[in-house]
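S.K.: The lines below spell out each chain.
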Amino acid sequence: MPSPIAETLAGLLLVATLVSAVVRPWGLPEALVAVPAAGLLLLLGVLPLSQAGAEANSLAPTIGFLAAVLVLANLCDRYGLFEAAGTWMATGSRGRPVRLLALVFAVASTVTAVLSLDATVVLLTPVVFATVAQLRLRSKPHVYACTHLANSASLLLPVSNLTNLLAFSASGLSFARFGATMALPWLAAIAVEWLVLRRFFSTDLVGRAEAVTSTRQPVPVFACVVVVLTLLGFFVTSLFHVAPAFAALGGAVTLAVPALVSRRATVRDVGLALEVPFLAFVVALGLIVKAVSIHGLGTLVTHLVPGGTSLGALLLIAAVAAVLANLINNLPAVLLLLPAASVAGPGAVLAVLIGVNTGPNLTYVGSLATLLWRRVLRQRGEELPLSEFMRLGALTVPPVLVAATVALWVSLRLVG
Amino acid sequence: MMPAVRTVIWVVEGTWQGCVDAASHSLPSGAQVALLHVTPSDVTGLADAASAGLLGRFPGRRTTRPFQDVADDAATELLADAAARLGRQDAELLQRRGRVEREVIRAVAENVDLLVVARDGDHSRLGPHSLGPATRFVVDHAPCAVLLVWPDEPPGIESIPPPPPPGHHPPPHRG
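Each protein sequence line maps, in turn, to chains A and B. Here this note's numbering is used: the first residue of the first sequence is 1, the next is one more, and so on. Here this note's numbering is used: the first residue of the second sequence is 1, the next is one more, and so on.
Errors might be hidden in some of the hints.
Derived contacts from chain A toward chain B, CB cut-off under 7 Å, selection only [claimed, not checked]: (1) 133; (2) 199; (3) 200; (4) 382.
Chain B is faced by these chain A residues, among others (derived, beta-carbon under 8 Å) [as the list claims (entries may be wrong)]: (5) 97; (6) 121; (7) 129; (8) 137; (9) 138; (10) 143.
Here are the in silico distance ranges between beta carbons for each label pair [to be verified]: (11) B:26 x A:26: 53 to 59 Å; (12) B:141 x A:296: 40 to 46 Å; (13) A:406 x B:136: 35 to 41 Å; (14) A:92 x B:160: 33 to 39 Å; (15) B:90 x A:221: 50 to 56 Å; (16) B:153 x A:94: 18 to 24 Å; (17) A:323 x B:141: 34 to 40 Å; (18) A:28 x B:76: 55 to 61 Å; (19) B:168 x A:406: 35 to 41 Å; (20) B:153 x A:390: 35 to 41 Å.
No lab work stands behind these hints, which were simulated from the structure alone. Ideal Cβ placement from N, Cα and C applies to all residues, glycine included.
Start from the sequences and build out the full structure, keeping to the hints where you can.
M.R.: Rendered as structure tokens:
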């Protein structure tokens with residue numbers, strides 16, 4: 001197939017895949033368009049089988065890792081970890097809204113880093129919302145903190161964000177090295193978010209919370225211990241050159257067995273938590289992006305990613321990644337940029353991650369998803385505070401991007 | 001006989017007690033009172049929309065209660081407590097949902113004489129931003145008299161900084 005036609009076809013299928021994943025017409029799984037689209041590209045020879053095989057092979061460990069982390073986060077919720085975090089934040093705040101915001105920052109940053117941004121968005125945000133409502137404080141600063149930190153605080157570990165998992169194998173870094181290099185950028189991003197949000201919402205951080213009458217949720221010690229051991233396992237496995245996905249698998253199984261025995265969860269629950277359609281979607285998306293990439297866009301992107309790890313080069317890479325993540329979405333953005341960035345070295349890969357992870361705070365979740373989601377919300381009688389969100393994004397994203405990238409540059413010199 | 005003064009007290013988390021207390025001190029006994037609370041639809045929309053970026057992956061999709069329901073229940077309790085604090089069980093309770101500033105203006109658009117509003121912000125550090133964007137809009141656009149109260153103890157006048165030296169021009173005010 002001539003390259004321009006192949007390129008157009010692959011591009012159209014990529015857009016169709018992303019649109020259907022956000023809109024999910026009639027609640028159908030996101031894989032329903034992605035998998036046939038990838039199949040069509042293979043059938044027409046737009047994506048040669050050998051290239052598809054190589055891409056699927058490189059995605060396999062990521063998919064396993066992702067599945068284990070999804071189950072781990074879901075089981076933590078079933079053990080009551082997030083409710084306990086809610087109680088802890090409510091009592092720890094001593095009724096003061098600024099103190100509560102600080103605790104929300106601490107919990108959201110930790111949950112995002114250890115259990116991934118999905119856990120913060122889907123499992124922690126409802127708990128924070130309910131906690132703030134119960135304390136009778138204004139919810140806006142705390143909900144914004146969750147949505148912003150789900151992106152900005154997802155820099156630390158390969159498990160923190162699916163983009164990190166996708167880049168992890170390409171970066172050639174060990175789990176421990178990844179974490180050690182990204183610790184400073186992670187802290188820098190959180191610090192900037194704190195300074196801006198604290199000021200931006202100063203008129204909403206008002207009053208004293210009223211007495212909390214709810215029952216205190218006990219801390220699920222077993223789940224906490226398993227999460228900490230799993231985290232240690234990530235580092236230990238990487239020391240022995242074992243895939244850290246096995247540590248995640250170990251953690252998930254250790255939580256799942258007692259949960260199944262005590263009927264906290266059924267086999268069906270664990271099966272659903274695996275999100276098989278989503279895993280299929282990630283593989284299909286990887287193949288579609290590969291097809292887009294080999295037909296021209298890849299070379300274009302290669303020109304956009306400068307070589308070297310000078311501060312200027314890292315800043316440029318992060319900026320390009322942030323723009324691309326806002327134009328499409330951060331998943332296809334990272335898949336497109338990875339081949340070029342991995343040639344330039346681990347520093348470039350990590351700069352790409354800073355861009356694609358923190359960038360989406362500018363247009364919400366990537367402009368495409370934002371536009372589509374806005375309509376979904378209107379039908380539910382809700383609205384997207386788009387102008388406020390983008391104003392806050394314009395205030396946080398550029399300084400977060402610069403601070404995190406400068407921190408990465410320092411880190412690369414310290415850690416190596 | 002004078003027609004009764006129709007008053008709306010805008011109840012907001014964090015400042016409502018001061019607002020209710022000020023109203024109960026200054027309202028004539030025959031005044032008709034309504035307590036108004038607005039649940040911001042943008043905050044619940046914000047919390048829901050974050051999942052759009054996940055492209056369909058929800059770890060386990062556990063059915064937590066919709067944000068709007070949680071917010072509505074909290075608002076119902078808050079209004080009941082506000083009525084109790086006011087000591088007026090005949091007070092009308094207005095529970096709204098939407099864009100806060102627009103809903104408040106809509107609630108006082110007709111047949112309301114007085115709207116009681118609390119300032120926002122941290123009163124350990126005074127001004128210039130003692131009104132948040134929604135309160136600012138309401139104060140600017142309310143088609144009735146507005147009673148603006150401190151949610152806590154009013155600060156002493158010694159909290160005002162000394163005037164600038166002669167010849168000093170203040171920077172232009174940022175809206």
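S.K.: If a hint holds in the structure, say so; if it doesn't, say that too.
M.R.: Evaluated hints:
no.	hint	verdict
1	133	holds (4 Å)
2	199	violated (10 Å)
3	200	violated (11 Å)
4	382	holds (4 Å)
5	97	holds (7 Å)
6	121	holds (5 Å)
7	129	holds (6 Å)
8	137	holds (6 Å)
9	138	holds (5 Å)
10	143	holds (5 Å)
11	B:26 x A:26: 53 to 59 Å	holds (56 Å)
12	B:141 x A:296: 40 to 46 Å	violated (54 Å)
13	A:406 x B:136: 35 to 41 Å	holds (36 Å)
14	A:92 x B:160: 33 to 39 Å	holds (35 Å)
15	B:90 x A:221: 50 to 56 Å	holds (51 Å)
16	B:153 x A:94: 18 to 24 Å	holds (20 Å)
17	A:323 x B:141: 34 to 40 Å	holds (38 Å)
18	A:28 x B:76: 55 to 61 Å	violated (36 Å)
19	B:168 x A:406: 35 to 41 Å	holds (37 Å)
20	B:153 x A:390: 35 to 41 Å	holds (38 Å)
Checked against the numbered hints given earlier, the structure breaks hints 2, 3, 12 and 18 and satisfies all the rest.
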